[in-house]
Amino acid sequence: MKHFIGKKVLVTTAEWFYAPDGKSYRAVHGTLRGLHRSEEVLGGTAGRGHAEWLLEIGDMVIPGCQVKYIIQC
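The sequence shown lines up with residues 328 to 400 when you count with the numbering used here.
It cannot be assumed that every hint is accurate.
Once the Cα atoms are required to be at most 27 Å apart in a straight line, the calculated DSSO-like pairs of lysine-lysine come out as [stated by the list, open to error]:
#1 K350 with K395
#2 K334 with K350
#3 K329 with K395
#4 K335 with K395
#5 K350 with K335
#6 K395 with K334
Keep in mind the hints are simulated off the structure, nothing from the lab. All of these numbers come straight from a predicted model, not from anything done at the bench.
Full structure from sequences and hints, please.
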């Protein structure tokens, strides 16, 4: 997945989420800015059953457990 960093991608998610514009979506399109461990972003370890990594795309951060598909555009 690291080979997508810096490229435009479409990420589909397992569940609906609210974006910064206040609307709900099941996908995000934008430049993949980074792939981060949860300790780096949250300051602690994720609980059991939660993702240990986060995906930064555009101005969104998506937990890895919600990522279904990543397609380069």
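We went through each hint and held it up to the structure:
1. K350 with K395: holds (20 Å)
2. K334 with K350: holds (24 Å)
3. K329 with K395: The hint holds at about 16 Å.
4. K335 with K395: Given that 27 Å is the threshold and the Cα spacing comes to 17 Å, the pair holds.
5. K350 with K335: holds (21 Å)
6. K395 with K334: The hint holds at about 18 Å.
Going through the hint list in order, the structure satisfies each hint without exception.
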